[in-house]
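> The listed protein sequences correspond, in order, to chains A and B. Heads up: the first sequence is residues 1 to 309, going by our numbering. Heads up: the second sequence is residues 1 to 385, going by our numbering.
Derived from the structure by calculation, the hints contain no laboratory data. Model, not experiment: these values are computed from the prediction. You may find that some hints are simply not true.
Pairwise CB distance ranges (calculated) [stated by the list, open to error]: (1) A:Tyr30 x B:Ser89: 32 to 42 Å; (2) A:Thr221 x B:Lys171: 35 to 45 Å; (3) B:Gly166 x A:Met289: 48 to 58 Å; (4) B:Lys171 x A:Phe228: 36 to 46 Å.
Residues of chain A clear of chain B, computed beta-carbon distances all greater than 12 Å [as the list claims (entries may be wrong)]: (5) Trp31; (6) Pro35; (7) Leu40; (8) Pro47; (9) Val56; (10) Gln66; (11) Gln84; (12) Thr94; (13) Thr142; (14) Asp147; (15) Val151; (16) Ala156; (17) Gly171; (18) Arg173; (19) Ser258; (20) Val296.
Ideal Cβ positions, reconstructed from N, Cα and C, are used throughout, including at glycine.
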Amino acid sequence: MSTTLTKEAPGPVEEPILRKPPTRKRLVPYWLLLPGILWLLVFFALPLVYQASTSVQTGSLEEGFQVTWHFQTYVDAFTEYWPQLLRSLLYAGTATLLCLLLGYPLAYLIAFKAGRWRNLLLVLVIAPFFTSFLIRTLAWKTILADDSLVVDALNALHLLDVTSWLGWTEGERVLATPMAVVCGLTYNFLPFMILPLYTSLERIDGRLHEAAQDLYASPATTFRKVTFPLSMPGVVSGTLLTFIPASGDYVNAELLGSTDTKMIGNVIQSQFLRVLDYPTAAALSFILMAIVLLMVTVYIRKAGTEDLV
Amino acid sequence: MTENTTGGDVRLTGISKTYGSFTAVHPLDLTVPQGSFFALLGASGCGKTTTLRMIAGLEDPSTGTIFLGDRDVTDLPPYKRPVNTVFQSYALFPHMDISENIAFGLRRRGIKSVKKQVDDMLELVQLGDKARHKPHQLSGGQQQRVAVARALINHPQVLLLDEPLGALDLKLRRQMQLELKRIQTEVGITFVHVTHDQEEAMTMADQVAVMNGGRVEQLGAPADLYENPRTTFVANFLGTSNLIEAEVVETGSGSADVVVTAGGGKLRLPGDRCTDAVRQGGKLLVGVRPEKISLAHADDAGSIADGRNRVTGRIVDSSFIGVSTQYVVNSPAGAELQVYEQNVERDARLRPGAEVVLHWNPAHTFGLDAAQDIDAGVETVEDAA
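Turn these sequences into a full structure, and let the hints guide you.
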């Protein structure tokens, strides 16, 4: 946690009366902000407004679309595609949890135990980014293909019986099942979990561990009471960086899934590019955004962190 | 009833620590009596902190055994030792407020109702109004007191202090020294205090172990160490000493005076202030503390009482520091001898360039083995100051 003053700070600090700096100097911060603000305006705010207007339009590609304030599109889109929405949140949530379970021990190892291997391990975490996202996801098609080494091994261990029973896989197949999609999501977003976790853990003063152990805390208690609470900023930002893009992802479901594992990203993509029903696609985008925003707000409130990373 | 006499002593037997080929602490035996304020004094890298960390269990000794009372704790992990540490950087938990920090140890031992004890402890360190503050909202001195409270609330058998005052400014440090001493007297727990500040060690501790290069050079009460240093390191590290190389003329015997010559003049020192081995060596180092020396102008040499040790020389530097004036005198016996004169009656003739006679009572003279490095421990004092 940072050392910035929090709400409990004693009394308001009285600002000394400062002489006003010359106008030119006062404008410098605004000039520095300008490129960023322009970028945000052109590539975020304007498209957002454009999408918002699209979502309340009616018409067809041939006749052209008109803004008719047709909010019914939202209701229709939600009624028709809520299973995909729910599935997206479920898959993204599961992948985020898996990322946390896989990433935390690794980040912990790199931060506290790796010694001179630390930099090498960090490079290895980022190394997959040197290959295209698509190629890596396609590679998982081979990894999870029928009769591949992994699937055979899972079969031999009868683990697929369990996952089939849970509905994650189908028979002796892994590809084109929910598990394949979640595996792909987990794999692709793992570095986004590890890096914030690592930064957060790495900043923890090792002497705090010693102090905790000196004060009768066993290693497990030290982790529970000191290390984990202090790594919360990393946990929060890592889960956000994983969950938000994962919930809108469509590549993993497209390449590793089947028609039964379509996520909301796939629906939006096909509405935009194949069905050419722009209003429905835009409305679905906004519904997803609203849900994610709501969940994130509740989550941050619960996690109680004021500073991310 | 033996457990009453050694009940809470900390005993280190043959404790050593090596990192690869580097020996941080050579095998040492040390007993810290129960209820005492014990200081481990030395320059950085002398092994004092490593020794402390081995007592805390944060470092595994390479050889040897650690006893707390009659209990062998060598293989106990830190969280099972009845010992608490005040860390140099305080190591307060930044995500907990002050009272949670202080209650940490009690809670870990499953004590549920901690409020009363925490309040008492906050009172003891005079931070009653800061219970709900976070550590970063406190000043260095306050954080330091929280660190002490967090350790003391557990009533450890031994409290270990790892340079706890190092980060404080001089004035606050002096204040905290008295504060810690007061707390120690109040709670009666054994304190082991690591410091590089000889003044701090001498003002606070009942017993001081001076460490150098991973070894204990000398152990004793502060006054004893100061008056009877046994090595040049202790002589130079604790305060300042004038060490003069001399040839033994009369070895004496028992407590009879040893007579030596240095720079053409004769000096005497009590036989019981140097070991037999030293006086038989032919050569020795004559030591005398600067404040024990009186300074007379060469013209007044005749009025100096008989039987005092005399050294003639010339003042090369003098600095007025209020209560005293510090002179640096070059003489045939040795260069840059230090003399501290109380500013009672100042002799205007004692200026740089003046010919003077240094004289002192032979009883204040000690003899050291001449085979040692005469400057051992000198630079470190300047670094620390």
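> With reference to the structure, classify each hint as holding or not holding.
Each hint tested on the structure:
no.: 1; hint: A:Tyr30 x B:Ser89: 32 to 42 Å; verdict: 41 Å, holds
no.: 2; hint: A:Thr221 x B:Lys171: 35 to 45 Å; verdict: 39 Å, holds
no.: 3; hint: B:Gly166 x A:Met289: 48 to 58 Å; verdict: 53 Å, holds
no.: 4; hint: B:Lys171 x A:Phe228: 36 to 46 Å; verdict: 40 Å, holds
no.: 5; hint: Trp31; verdict: 34 Å, holds
no.: 6; hint: Pro35; verdict: 35 Å, holds
no.: 7; hint: Leu40; verdict: 33 Å, holds
no.: 8; hint: Pro47; verdict: 40 Å, holds
no.: 9; hint: Val56; verdict: 46 Å, holds
no.: 10; hint: Gln66; verdict: 55 Å, holds
no.: 11; hint: Gln84; verdict: 40 Å, holds
no.: 12; hint: Thr94; verdict: 29 Å, holds
no.: 13; hint: Thr142; verdict: 45 Å, holds
no.: 14; hint: Asp147; verdict: 50 Å, holds
no.: 15; hint: Val151; verdict: 45 Å, holds
no.: 16; hint: Ala156; verdict: 42 Å, holds
no.: 17; hint: Gly171; verdict: 49 Å, holds
no.: 18; hint: Arg173; verdict: 47 Å, holds
no.: 19; hint: Ser258; verdict: 46 Å, holds
no.: 20; hint: Val296; verdict: 22 Å, holds
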